[in-house]
Structure formats: structure tokens, C-alpha cells
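*Asks:* This is what each chain is made of:
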Amino acid sequence: AQTVTQSQPEMSVQEAETVTLSCTYDTSESDYYLFWYKQPPSRQMILVIRQEAYKQQNATENRFSVNFQKAAKSFSLKISDSQLGDAAMYFCAYRRSWEYGNKLVFGAGTILRVKS
Amino acid sequence: SAVISQKPSRDICQRGTSLTIQCQVDSQVTMMFWYRQQPGQSLTLIATANQGSEATYESGFVIDKFPISRPNLTFSTLTVSNMSPEDSSIYLCSGTGITDTQYFGPGTRLTVL
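Protein sequence lines, in the order shown, are assigned to chains A and B. If you read the first sequence in the working numbering, its first letter stands for residue 1, the second for the next number, and so on. If you read the second sequence in the working numbering, its first letter stands for residue 1, the second for the next number, and so on.
Quick caveat, the hints were computed from the structure, so don't treat them as lab data. Heads up, none of these hints are tricks.
Below, a list of computed lysine-lysine pairs in the PhoX-like style, where the Cα atoms sit at most 25 Å apart:
1. A/103 - B/7
2. A/73 - A/103
3. A/70 - A/103
4. A/70 - A/55
5. A/103 - B/65
6. A/55 - A/103
Sample of chain A residues with no beta-carbon within 10 Å of chain B, all distances over it, derived:
7. 14
8. 16
9. 20
10. 30
11. 62
12. 71
13. 113
On the chain B side, residues computed to face chain A include the following (Cβ under 8 Å):
14. 31
15. 42
16. 43
17. 45
18. 48
19. 90
20. 92
21. 96
22. 101
23. 102
24. 104
25. 106
26. 107
All C-beta atoms in this analysis are idealised placements derived from N, C-alpha and C, irrespective of residue type, glycine included.
Build out the structure end to end from the sequences listed, making use of the hints.
*Replies:* What follows is the structure in C-alpha cells.
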């Protein structure tokens, strides 16, 4: 079974600085998808970024980028120029290729605190 | 992206009663899911809601406790039956559209006394 590990229960960053959240996963599949979701206190799960395993290029979305290391099974999220609105719980998630359904396996989450 | 709404947003219920949570998507989605999330914890998948057929449950979850309906491509319900305080949690629905990305509803916070 696939597992997702987030080893940092909590992280802090100063406003305008950069922070990296770690995620590792375990799978025997070669084709899969990885996601980072953000959950602010409002509870709404928001997709931050998505990476297809077959793509070598790291995904980026504005201030958010990933470092995808397929051989190491590592998928970290870098947040640049951190803002107060980035404070939230961040979940790393794994999904097998589409023919196995769209079930997501989530990590335990990392609470990100942003200091002004 | 798909916009997903849930009703109710929160409820406080008595032990032994049942609560039905509704999930509405603004566009057709191929798959819908129900998750449970304890406060401060990660999400655990309860089941996949299949249109016109019985839901597919994950290990540890059964139809008698969490009956699910999905009468069409944009609507699903989850019932939490014969509730106990251990069922106090946040329940989230999600849907996957043509972009293959999973979008989530805002969740329903359930407290069982």
C-alpha cells in the first residue's frame, strides 16, 4: 500500500521569507500523481500544486514550487515570499494513475505559521 | 475547477440519532468521495460514491453505519447512522472533474453529545 510521510508537524517562517515543507512517499508504481493541498482554519481544502510523475520538470504556481525527486521518492514544497495568508495546514497527497481510480492518500500534514 | 457545497456546515446531534450530509457540485464530476477528518488530523477516505450503484467503502467503514447515495453526477449524500461521540469529526466530500484534479467541499463539522 502506498504511504505518504510528512515529517514536520509544524513549521514557522517570517513574512517575505522562504520555507520548504517536506514530503516523502512509498510506492512501487511508476505512474502516479502528487499534490499539495492547503487547509486554512476555514477548513476549505485548496489545491496548491500538482505534479505528474512522468514529468521531469518541477511544477510551479506563482510563489509555490516543488522539488520532485522521483528516485528518492521525495516531493517538497517551497513557498517563496511568504505571506500571512499562507498560514495553514499543508497536506501532501499521492494518487495512483487514473485507471486505479482517483483515491488520494494523504500525509499527516504540516502546520505552517507565518510571523509578521 | 469545480465548486462544491455541503449542507449543513455544522451540527450538534444527540447520541443514537442519524445525520444526512448533502454534497452538491456545480458541474458534472466523474467521481465523488467522502472523507472524515478529526480536528488537527489528516483525511481518511470513507468511500467512493458511485452514480447509480452502491458506494465502495474503505477498510473500517461499512454501509450500515455510513450509507451513501449518489443519484446523479452532481449530488451525493452521506448519512452518519446511530451516532456516538466517536463520530464527532469533520466530514468532507470531494469530486474529480475532467481535469482529473480532486476538489473539496468546505466540510461539515459534526459534534455528537
